[in-house]
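Undergrad: On the provided structure of chain A, position chain B as indicated by the hints.
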Amino acid sequence: MLELKTYRTQVHNDWCPGCGDFGIVNAIQMTLLEMQLEPHRVAIFSGIGCSGKTPHFVNAYGFHTLHGRVLPIATGARLSNPGLTIVAVGGDGDGLGIGAGHFVNTGRRNLDFTYVLYDNGVYGLTKGQASPTLPKGVKTKSMPAPAIIERVNPIAMAVASGYTFVARSYALDVRHLKQTLRAAIEHRGSAFVDVLQTCPTYNDINTKEWYGGEDLPVKAPRLYKLEGSGYNGVVADPSTDEVNTKKGNALVKSFEWGDKIPIGVFFKMEVPTFEDQLALRMPALKEKPFVEQDIYNRDITPLLDELT
Amino acid sequence: MTVTNSFTWMIGGPQGSGINSVAENFAKACIRGGLHIFANIEYHSNIKGEHSFYRLRVESKAPRSHVDWVDLLVALDRETIFGDMNKPHPTHRGHRHEVSPGGGIIYDRSLNLTPDSFGRDDIKLFPIPYMDLLVEALKEFGKDKELSKYQVMVNTIALGASLGLSDYDFDLATEAIREGFTGRKAALGDLNVSAAKRGYDYAKKSFGEDAFQIKLRKQPLSGKRMMIRGVQAVAIAKLKAGCGFQTYYPITPATDESEYLESHQKDYNMIVVQAEDEISAINMATGAAHAGLRSSTSTSGPGFSLMAEGLGWAGITEAPGPVVVLYQRAGPATGLPTRTEQADLRFALHAAHGEFPRMIIAPGDVVETYYDTFDAFNYAEHYQVPVILLTDKFLASTYQDIPLFNGDNLKVDRGDIVRESDLATSTDYRRYRLTELGISPRAIPGQKGGIFWTTGDEHDEYGHITEASDIRIKMMRKRMRKIELAGQVIPDSKKATLHGPKSAPVTLVGWGSSKGAILDGMEDLKADGIETNFLQVRYVNPFPDNFVQQALSQARRKIAIENNYSAQMAGLIREKTGIAMDNTIVKFDGRPFSQNEIYEGVKDIIKNGIKEVTVSHA
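Just so you know, the protein sequences line up as chains A and B, in that order.
Under the numbering used here, the first residue of the first sequence is numbered 18, with each subsequent residue one higher.
Under the numbering used here, the first residue of the second sequence is numbered -18, with each subsequent residue one higher.
Chain A extracted, bound-state conformation (with noise of 0.2 angstroms):
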């Protein structure tokens, strides 16, 4: 029978006291007990920083792979072993600095997989930078000087590059990113969510009580949550100019950012996923993938005729 601790290591966690990335940790092995997959039928894909050691902690096949590139090692993965759920996840500095390359056009592809960043605005493992979602003009207690260069908005480039299922949650809210990461995982195609996340050691900005609204006048949590708030991401005819007119609206709310932070689906559409156009091409691919064929005695003959 599957419980929680199924899901479990005994590897020892270092991550600093009170940092977000338990929350996220914690919310993926619930997803995956709640959805009931077997562990080896999961795999786990990381980049490099803190975010980087979760899939250690996680008892299913584990790639803790290079700095920015866990995207093109999931992607190799996926394409050839897609009996497989895939969950990559990485921090903001890894998907968004030195990753963003692969990060654009992961999302054109739209494979069947799911993305989770952690986004915390610094790169902790290395004792605290500015790291691409910091706002410009914030210094949080690490940085010699305020942050001088714009920030990037993950769920507008994720929307833009063409991923197909683009949400936010809060690492500290393990219910609604459970919810978030199940809706991600079953969707099909490229599912990006964006996990606000505290780092108590080095950001000391975007903080628990600055995330729960303590600092404004009128004390309310600055996160509100999009569903039931008359705001609908999804596509119901991706035949239509809705598509267009949905991701202009994520767009729009995407750069909701200060007092009233959005989180929940900003956007999701079913097309075809980069799978699914391989198997036009090639419909063995719908029988069974490559690596349960035997590709080993190809006749190349025909290969050889061709040429004399």
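In case anyone wonders, no lab produced these hints; they're calculated from the structure.
Accuracy of the hints is not assured; some may be wrong.
[Stated by the list, open to error] Selected chain B positions facing chain A (in silico; Cβ < 8 angstroms):
| id | residue |
| --- | --- |
| 1 | M207 |
| 2 | T267 |
| 3 | G273 |
| 4 | G388 |
| 5 | Q428 |
| 6 | D438 |
Keep in mind that this is a model prediction, so the values were computed, not measured.
Note that beta-carbon positions come from the ideal geometry of N, C-alpha and C, so glycine has one too.
TA: Frame of chain A; chain B shown alone:
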């Protein structure tokens, strides 16, 4: 004096003028007539307009290299003859000076060139009214109003004239031309044949049977032969080896291989992905290898530079691949992007930081390319290492005719993969189990009981991060032991070859694509009384230390021949064996060695006492 079946033909023109198709049709016609060919192309990094040329050598016995003279030059433009010396930044003097005495030049009569302008009184001139003949052919098919659309067909007229002058079987060429136009384009085939025939007839009628002294005559066929170049040999070997996943980022001269694979993927079930860059290309391929599919990626120097990081990850995670095909071109940076070089030997050997096992094989010709590529996949999975196939633009793009590959004795070895049934009885699977040989049985993700972790950090047997010094030492030794093992298991006969007599006054030492020129050059030297043998190093890693040591310790004069500036293999041999070369012949102008350059280079050393020779196409 008439010469039969020993002929170098060259066609030159602006890029986009269709020199490839006519040269390849001519070559095909020769092969089907029992003759043997060696055909290589030089072109610019440019789409249309810059000078390119295709050289076709035809012999009664299979040539393994080209020579630097031309018996019959086909000029599709003025520049092919005279070069671009009138331009502000001239690059070449044209090919008229390369025409052999008694040879000839086919050119456009409407250029109105005076015989004096060629500056040669020892060659024959064959002006052909390209446009008039083309208009006649178009009229036959009612297309003379579309002259500009079909202008490129003067290449076929020139081919016809070449066949006429060399008196070769026209029907063989007809067949080759028609094959280029199938289905709806069949009518175009007729039009091209008509154009070629007009060139053929014109040459025969206007210049007479004796105008050109080299004749091509059909020979009895020596079995079925194919016309193949390096990229095709690599691609076909990948299919034969069961590679299921190929990635690439567009780059000269590697892309042709991936496009070949993609065009055949439907019949052979291979996923081909164009990645966003070479960083992604290698990492996708490594991800696929870890996930259970044989995988590969192909690139050239600039792309391989980006792959260095990924290569290290494949190394420390003991990925069963990928196979990386590195088609060297002249560097550094963009260098000479369409020209050849052998300057990435050291780079392939040391790319990425840290120390990890990798295998590097450098095939010397198209046949070795096929078998080495096949082996590369077996090694990748057996030893769980990245394997680099080190070749170059010259070998990639040069056509030779060879017998069909007979792959009956090729066996796929997938290495030690654990079975799910074994995993079921054990609860303690360790992906990086320390074993005597250094190889750990691997699970394929998805297998029940096979869960493992893998990381680019140093790790324990389970694949979890560790910084413990004792485990670090064990893991380093485990990984490095695999390359030692490969060195012991793989026979020397695969790793290096001593061509020619066991002992000779002069020993030539080389690697990779210069093999053919060296072998052919040795025959010229022998005819001139200089006896040589040739040590060809094929495995860069694991390096055949003992074999090379033995071959060279008896050698009297050792000459390294390399298509690079610093004689990198000579340095590696010295590192591995302590044996230094006496002389070097290097070439680093982006052009491959010719047969005559080997001859001349060795002569310079032996007769003229020059220690280090640099040869150049210029």
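Undergrad: Quick check on B/G388 please, does its C-beta sit within 8 angstroms of some C-beta on chain A?
TA: holds (7 angstroms)
Undergrad: For the hint on B/M207, does the least C-beta distance to chain A fall short of 8 angstroms?
TA: Holds: closest Cβ of chain A sits about 4 angstroms from B/M207, inside 8 angstroms.
Undergrad: With chain A as the partner, please determine if B/G273 meets the hint condition of a C-beta pair closer than 8 angstroms.
TA: holds (4 angstroms)
Undergrad: Interface hint check: B/T267, Cβ to nearest Cβ on chain A, cutoff 8 angstroms. Holds or violated?
TA: Where the cut-off is 8 angstroms and the nearest Cβ of chain A is about 6 angstroms from B/T267, the hint holds.
Undergrad: The hint names B/Q428 as touching chain A; please verify it with the least Cβ-Cβ distance against 8 angstroms.
TA: holds (6 angstroms)
Undergrad: Would you settle whether the hint for B/D438 is holds or violated, based on the nearest Cβ-Cβ distance to chain A being less than 8 angstroms?
TA: Since the shortest Cβ distance to chain A is 7 angstroms, the answer is holds.
This entry satisfies every hint, going by the numbered hints stated previously.
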